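Visitor: Going line by line, the protein sequences match chains A and B.
Everything in the first sequence is counted per the working numbering, starting at 53 for the first residue and increasing by one.
Everything in the second sequence is counted per the working numbering, starting at 53 for the first residue and increasing by one.
No lab work stands behind these hints: they were computed from the structure.
Source: prediction; values computed, not measured.
Where hints are given, some of them may not hold.
Note that identical chains are pooled: a pair holds if it fits in a single copy or bridges any two copies.
[As the list claims (entries may be wrong)] Taking lysine-lysine and the BS3-like style, the derived pairs with C-alpha atoms no more than 25 Å apart in a straight line are:
1) Lys295 / Lys145
2) Lys145 / Lys169
3) Lys270 / Lys295
4) Lys351 / Lys270
5) Lys351 / Lys169
6) Lys145 / Lys310
7) Lys96 / Lys66
8) Lys169 / Lys310
9) Lys270 / Lys66
10) Lys351 / Lys145
11) Lys96 / Lys145
12) Lys270 / Lys322
13) Lys322 / Lys145
This is what each chain is made of:
Number of protein chains: 2
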Amino acid sequence: MRIVVLGGAGFIGKKLVTKLLNRGLVSLNGRPLEAFDQLVVFDKVKATGLPEDPRLEILEGDVADLETVRELLGDHTDLIFHLAAVVSGEAEKDFDLGMRVNLQASMQILEHCRFIKRAPVLVFASSCAAYGIELSELIRDDTAPSPQSSYGTQKVMVDLLINDYSRRGFIDGRSLRLPTITVRPGKPNAATTSFVSSIIREPLQGRRANCPVAPEVKLWIHSPEKVTENFIHAAHIPAQAFKSNRVVNLPGITVTVKQMVDALEAVAGKEATELIDWEPDAFLQSIVLTFPREFVTEKALALGFQQDPSLESIIEAFIEHELT
Amino acid sequence: MRIVVLGGAGFIGKKLVTKLLNRGLVSLNGRPLEAFDQLVVFDKVKATGLPEDPRLEILEGDVADLETVRELLGDHTDLIFHLAAVVSGEAEKDFDLGMRVNLQASMQILEHCRFIKRAPVLVFASSCAAYGIELSELIRDDTAPSPQSSYGTQKVMVDLLINDYSRRGFIDGRSLRLPTITVRPGKPNAATTSFVSSIIREPLQGRRANCPVAPEVKLWIHSPEKVTENFIHAAHIPAQAFKSNRVVNLPGITVTVKQMVDALEAVAGKEATELIDWEPDAFLQSIVLTFPREFVTEKALALGFQQDPSLESIIEAFIEHELT
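Just chain A, with the same shape it has in the complex (with noise of 0.2 Å):
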C-alpha cells in the first residue's frame, strides 16, 4: 500500500507524516487496513526532520507538471493527502502562481487519478476563505461559497471537481475546509492570517509581532494537532458517509484576537503581549476582514471530526510540543 503526501515538506505535512508513520493506519475508507509499506513525501523542497523510516521516500519536484505528476502517483496509489499549495496572500499578489499551483496542478492531479487502477482516496486541504461575508454573518453546511480572494476561489474549484470525480468512481475524495491554523511554528509565512500565529508565537519567545487588525475582530481557528488527526480521520471515513457531498468545513472554534491576546497575557505575562504591536495593514485586512468566523459545523462533527477543546489548550500544546 501506498501513501503519497503532496505539499509535505510542509508544517502540518510533516506533522501529519510523522504520525502516519508512529502510528500506521486503521483502516481506510472504513475497511480494515495492512500496514501500508510506502509513504511518499512530496513537496517543491525536501522535507526535512522526518523520523528514519524504511517506509519513507522523500521526493522534490514541481506538483504542476504533469510528466511529474504521472511518475510519483503511477498506477497504484492508495491513498494522496494533497496539500501542496500557494498560501492566500501569495496567491492574491501573484495570480498566475495561484492559479497554476491552486488549480491547474489539482486538476492535472485528478486527471491522473482516472488512470490509477484502483481509484485512491484523495483528502484535499481546501479552506473557509471559500467563504467571504458580511461580517455578521453565520455559515452553515448548506451555505454559498462566496470566496472573495483568488486563493478561496482556487480552493471552490477544487472542491467541486472532487465531488465530481469521487461522483463519477475517478477518485474518493474528501475535501476538509481549514480555519486558520494556530499556533504555526517556525517564520511568519504569506498567509494573509500568518499574523494570528505570530502574535502568540513571537512573543512567547521575547520576539515582537505586529497584529495588522483589531482587537475585536474575530477568527476561526483550529490547532495543528486537531487538523493534522482530521485529515487522517478523513481518510478512515466510509465513503458514502459523506452522501453527494465530499467537502466538510471542519469544526474550528470562534475566538476575537482580544481573547487571544488575554490568553497569551494568561499564560506568559504582561511582558508577552507587551510585544505585540498594533499596525493596521490594508491589503491584509482587504483579505482577512472578508474570511467568514463564525459557523455551524453539524457535518464534520456529525462525521467524528474533533473540535479543539479551548485556545487555552491551544496554546499550551503550542509551547509544549513547539517551545520545548
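Please build the complex by placing chain B on the supplied structure of chain A, with the hints as guidance.
Guide: Quick look at chain B alone, frame taken from chain A:
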C-alpha cells in the same frame, strides 16, 4: 465597438444575434452606448439563417483552441456573450469533451480577456444544473451549489472564475443560471431536458414525442424570448449593481409535466396530447430528477430580469414565432 457571440449558431445564439441586429444596444454596463459596428458570431459550425447586415461576421472554429480564441477576441472586444457549451447529457456521457469545452475553453477565454485593452463585459450562460438537490428543496440566491452532473460542476466552476476575474478587474462578468429553456424549435438535442421542449413541439406538428419522467415531476422553465431579453439586459446593468457576486439565478417559472400537457391540450386538443408516449428513461431520470425546480429569485427580479407571465404564454409564443 465589437461584440462577439460564442456559440452563436445555436437557437438561442441566433435569436440573440437577431435581436441585437434589429434593435442595437442602448447601453452597456450602465453607460449610454454608440451603435456597435461589429457583431461576430462564432460557433463550431457556420451560423445560418441570420439577417443580412454589414456589421455581421460569421465565423466557425473550435472554441477550445487557444489560437482561435486569441484571433477571435483580439485586443479590442467590448462585449462577449459566451453561450458555447457541450449540453448536459453529452457532458455526462463524454466527460473529457465536457471538461474541454465547458471548463477548459471557458478558462482560456477568461485568460485571454486579461490581454484585451479594456476589460470586456462578458455575459455567460450558466445553468440551474448548478443545483442538484432533494426534491423538496427550495433554492434561494444564497443556496450552496451542489451539482450532481459534470455539466453542472463545470458551469459552477466557471461562475466562480467569472466572479474572481471580475473582482480583479480582468473582465466585467455577468453569469446567468438558466432554467430549462422551453419551447425550443428544431430537433431534439442531447440535453437531458430536451424532452421538455419535445412534448410540446412535436405533438403541435403532428409527431409523437416521449416523456421519460412522470406527470407530477416539476420543472423550472424559461422561454427563449425571455432568456434572450435577459442576456441583453445582463449587459446593460451597471457592474456595481451586482455587488460582490456576478452570478444570477434567472427567474423561471415552476410547472409540472402535467401542467405542460394540460396547457398543450387547451391549445391543441386531445389529438395533440395523445401523441405523447410515457416511456421512463433511467439515464435521463438520473440527471433530470436531481435538477431543482423551485426557486426564489429575489436578486434577479431586483436587477430587472424578466419572468414569463405563464406557461400558456410560452406555448402561444412558440406557435407564433416558430410554427407560423
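Visitor: At 25 Å max between alpha carbons, let me know whether Lys96 reaches Lys145 within a copy, between copies, both or neither.
Guide: For Lys96 and Lys145, the Cα distance is within 25 Å only inside one copy (20 Å; across copies 37 Å).
Visitor: For the identical chains here, do Lys145 and Lys310 meet the 25 Å Cα criterion within one copy, between copies, both, or neither?
Guide: neither (29 Å within a copy, 54 Å between copies)
Visitor: Up to 25 Å between alpha-carbons, please classify Lys295 paired with Lys145: within, between, both or neither.
Guide: between (37 Å within a copy, 22 Å between copies)
Visitor: State whether the alpha carbon distance between Lys145 and Lys169 is at most 25 Å within one copy, between copies, both, or neither.
Guide: between (39 Å within a copy, 21 Å between copies)
Visitor: At most 25 Å between C-alpha atoms: does Lys270 with Lys66 qualify within a copy, between copies, both, or neither?
Guide: The answer is neither: 29 Å in one copy and 51 Å across copies each exceed 25 Å.
Visitor: First find the shortest C-alpha distance between Lys351 and Lys145 inside one copy, then the shortest across copies, and answer within, between, both or neither for a cut-off of 25 Å.
Guide: Close neither inside one copy (33 Å) nor across copies (31 Å); limit 25 Å.
Visitor: Between Lys270 and Lys322, at a C-alpha cutoff of 25 Å, which is it: within one copy, between copies, both, or neither?
Guide: The answer is within: 22 Å in one copy meets 25 Å, while 64 Å across copies does not.
Visitor: Between copies, within a copy, both or neither: which fits Lys169 and Lys310 at Cα up to 25 Å?
Guide: neither (51 Å within a copy, 46 Å between copies)
Visitor: First find the shortest C-alpha distance between Lys351 and Lys169 inside one copy, then the shortest across copies, and answer within, between, both or neither for a cut-off of 25 Å.
Guide: Answer is neither: 31 Å inside a copy and 46 Å across each miss the 25 Å cutoff.
Visitor: Have a look at Lys322 and Lys145 and pick one of within, between, both or neither, based on CA distance no larger than 25 Å.
Guide: neither (36 Å within a copy, 65 Å between copies)
Visitor: Classify it for me, Lys351 with Lys270: is the Cα-Cα distance of at most 25 Å met within a copy, between copies, both or neither?
Guide: within (22 Å within a copy, 29 Å between copies)
Visitor: Pop the pair Lys96 and Lys66 into one bin, within, between, both or neither, using alpha-carbon distances up to 25 Å.
Guide: Within one copy only: 14 Å inside a chain, 50 Å across chains, cut-off 25 Å.
Consistency note: the structure conflicts with the earlier hints numbered 5, 6, 8, 9, 10, 13.
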